[in-house]
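Enquirer: Residue-level listing of the chains:
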Amino acid sequence: DTGVSQNPRHKITKRGQNVTFRCDPISEHNRLYWYRQTLGQGPEFLTYFQNEAQLEKSRLLSDRFSAERPKGSFSTLEIQRTEQGDSAMYLCASSRLWRGGLETQYFGPGTRLLVL
Amino acid sequence: DAKTTQPNSMESNEEEPVHLPCNHSTISGTDYIHWYRQLPSQGPEYVIHGLTSNVNNRMASLAIAEDRKSSTLILHRATLRDAAVYYCILRDNTGTASKLTFGTGTRLQVTL
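As they're listed, the protein sequences go chains P and U.
Position in the first sequence (from 1) plus 17 gives the number in this note's numbering.
Position in the second sequence (from 1) plus 1365 gives the number in this note's numbering.
Keep in mind the hints are simulated off the structure, nothing from the lab.
C-beta: ideal position from N, C-alpha, C; glycine also.
Check each hint, because a few of them may be wrong.
Unchecked claim - Over the 12 angstroms line for every Cβ pair with chain P, so calculated as not near, a few chain U residues: (1) S1377; (2) L1416; (3) T1417; (4) S1426; (5) L1477.
Claimed, not checked - With the Cβ distance kept under 7 angstroms, some of the chain U side facing chain P (calculated, not the full set): (6) P1409; (7) Y1411; (8) Y1452; (9) F1467.
Unchecked claim - What follows is a set of in silico ranges between Cβ atoms, one per label pair, in the way DEER data are often shown: (10) U:E1431 with P:R76: 35 to 43 angstroms; (11) U:T1391 with P:F91: 35 to 43 angstroms; (12) U:N1373 with P:S75: 22 to 30 angstroms.
Let's have the full structure, built from the sequences with the hints guiding it.
Expert: Structure (structure tokens):
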């Protein structure tokens, strides 16, 4: 049983550089979510996709952030011109939306980003 | 989203029951109560959810107050592997729900 995978698991970059993270959801899951988690806090929602359509974006998702899910399978999250405040754990989750709206989200292990 | 309130931390001895409380006084009639937990260095994982009646699964039990303004996650026999941050989350059931809104959760420490 393959769960949600994320790559890379760790990323160290210098301020001003661009970074891209990848998330591979559980097969046949039609929803894919991105969250960000800073130390001591719960995860915060960034954006989500239903199939290839990006249906909601948080105000946390500044114009330096972009997410894609081109074929409704894997997703990428890119951060341009990284800032030290972007240092966090970036979590991906996937789910299958059933009739009635209830769904369980399955999370990946996260990508830990450190911006120097 | 309706807000939940949880204690910051709790401690338990191994193999003893643990009762993790959650207050949600502004819960609406269509909100389900979900619990997720996050083990160290891992992403959150689903534990259990319920609407009105108490629920049991292989991981835990969920006791929901009659007025639904509070709930309690029950781990019947805590083990060291249950040490995690436990999040109580309200989720609308009208079919439009999407994101999970996490608070700071309760950090559970389990000792020998």
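Enquirer: Hint compliance check: list the failing hint numbers for this structure, sorted ascending.
Expert: Structure breaks hint 2 only.
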